[in-house]
Amino acid sequence: MVAQKAFPDLAETSVLSVPGAHCAGCMSKIERGLAEVAGVQGARVNLTSRTVTITHDASLDEHQLVGELAKIGFESKRRPRSVEKPYSAIKPLLGPLAVAAFAAMNIMLLSVSVWSGAEGSTRQMFHFISALIALPAVAYAGQPFFKSAWGALKHGRTNMDVPISIGVIIACGLSVYEVVVGGEHAWFDSALMLLAFLLAGRVLDAMMRDRARSAVDSLLGQAADGALVIREDAAPEWIAADDLQPGMVMRVAAGERLAADGAILNGSSRFDQSLLTGESKPIASHIGDMVLAGTLNLDAPVDVEVSHAGRDTTLAEIARLMEASTQNRSRYVRIADRAARLYAPAVHTLAAVAVVGWLVAGATLYQALVIGVAVLIITCPCALGLAVPVAQVVASGSLLRAGIMVKDGSALERLANVDRALFDKTGTLTLGQPVPDTATLDALSADEAAVALGLATHSRHPISRALSDALMARGVAAASIEGAGEQSGVGVSGAWNGLAVSLRRPESASSMGVGLEIEGYPTRLIPFADRLRDDANEALAQLGKLGIASSILSGDNPEAVAQVARETGLTGQAGASPADKQDAIARLQNSGRNVLMVGDGLNDGPALAAANASMAPGSASDVGMQAADFVFVQGAFASVPRAIRASRATMAVVKQNFVLAIGYNCLAVPLALLGYVTPLVAAAAMSLSSLIVVGNSLRLVRAAR
Amino acid sequence: MTGLLILIPLALVLGLIGLGAFFWAMRNGQFDDPDGAAARILIDDEDRPE
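Protein sequences appear in the order of chains A and B. Under my numbering, the first residue of the first sequence is numbered 1, with each subsequent residue one higher. Under my numbering, the first residue of the second sequence is numbered 1001, with each subsequent residue one higher.
It should be emphasised that the hints constitute simulated quantities derived from the structure, not laboratory data. Cβ coordinates follow ideal geometry from the N, Cα and C atoms, glycine included. Any given hint could turn out to be false.
Claimed, not checked - Estimated spans, in silico, between C-beta atoms of each pair:
1. A:Val181 with B:Gly1015: 41 to 51 angstroms
2. B:Gln1030 with A:Ser268: 54 to 64 angstroms
3. B:Gly1015 with A:Gly120: 17 to 27 angstroms
4. A:Ser121 with B:Gly1015: 18 to 28 angstroms
5. B:Gln1030 with A:Thr438: 49 to 59 angstroms
6. A:Arg566 with B:Gln1030: 22 to 32 angstroms
7. A:Val181 with B:Pro1009: 37 to 47 angstroms
8. B:Ala1011 with A:Asn417: 48 to 58 angstroms
Using the sequences and the hints given, assemble the complete structure.
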């Protein structure tokens, strides 16, 4: 930041996400490495949001910075525009929480002396000081509740904030009256303690959502964010996806995703459309063929003339379908608000009845009102306000440690009710990327494996990368290859101990695979295929035990779906378009089922948004991850039943919390009705019930086991 | 009684200073990167050029 001020005209600030940064070593490596790059004035890593903020000259652009970070050894991505300025839910609540806590503690100090017997002018002075602290503090710290309550009342609804606001305002009003007339009881401590407890609950809730969101944001940005545009009169230039125009010619290297729809001008290659359609088999396209944004170029560089860019692409069409279905889900009413619908009117009726009852019994108006207010304060839903957020925060923390990110508290409630699960095939039930056949790798001799790894590391082609990952995972050490060179569309070749060696595309284009040729050895063909996730069958069996029926809903061709259906023993629907998937979910919902959708692709986006609850693997497309309620980052498919078990346990604890909180009210309300509740009793009861609820929620620490 | 006259304002002033410090820290971005702040202490920056 300092550097930015020192060079106001020259400096630009870029924010890149660095998902790989996770420790102090990474931070210093990135910051020092970038500081050595010419043109970079400063870099600062934010470990919480996994981003690096770089101040640099205008001569560098974000694309070059991504390249520099890759040299340092960190994969980085430009952040999509929408998440450039992340909204934090915590910030607006921290101030009110600090003020409420400060005021509550100071007033408690004064209240304790009043309770222990301060009398006369001392008590009056203490009450007066309390009022001086409390009134501005309530006016500031109560705002989040007052605003929300007012918003609900304006629309003729009620939520938990309505009884809270009424309780706090009435307690303050009565206390001010007591201060003015020199009365015995002031309730300022109760009002502020209530605000402090509830704000603490909300900050916890916001913390959970912020953490999940930043974790998801750091995974975003896998789709192409731009393209290398070639022009006749100028050098190739990197242009961001939003600025691409129809008519531009972009050069797409093998292994890159297309940033816009268009027609091939030059070259031919095969394209992986699984992100768009779920179809796993690569499509061969030649000069003149249309190719779509979001597809992956597999074999050779091609030049593509852009026909549709930005909002006109097939990609954008799917995004529009999704927006429509997200609105459906917002109709879900959270359990706390459902409870408030019953709770608020009941409490307010009770207070009114108390006032009328005491008047009829012959009390003065003042006495009757004090008792009514005591009822309102004692029933103020302090523990009730903590019942849901604390349980959900503890459970989401536990899920986060297990590699499952909960993006929204209400998602746990919705997931607990699920009784039907639909799975996408490519990338969800299967790994979504071709992996080399295990039996063939087992059969390779040590030399062959070492040469294959040596060659594969010289290419960025997806097949080569999958091969080198698989070989490295087996502990193979790479052989050194002399004069290695990649010939795009054909393969990698070089020399090993004086023998000509190469990894090349097999002659028959029908199957995916790679041929390993070593002079003097027989040629080895290593087939590649998309494989079922290791623990898929076990996880599906666990889902069955939880009473959830599963089936496959895929956009892929019937043969591919049939094979996975055989392996998993599920029924499946093949060839489903994004709209078909949405329809299938709507049909199940209309027959009264609560549907869980698990999917990863762009084509699953609308279905993920339409389902009652949704999950996506961490390898999913941006759209998939944004639409899903849960993102599981570890490859383990067992996350699905685990999340369901955790959400059911959470709901059980939430219901216990409600019983505890309401049970406390049942005990305290008769005391209040009889006029025995003093500020001391209210403060003690409120703290005790909150502690019990928090303690009960902490049992969820191991919910995700 | 005179003790109270000194001690109560003193307690309040000290409390307010704490509250003020918290607000300063919040505005100053001290809570932007809690994980990073925890890790930064471990960076061994003896050979840093500055």
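Hints broken by the structure, by number, lowest first?
Result: hints 1, 6, 7 break, sorted rising.
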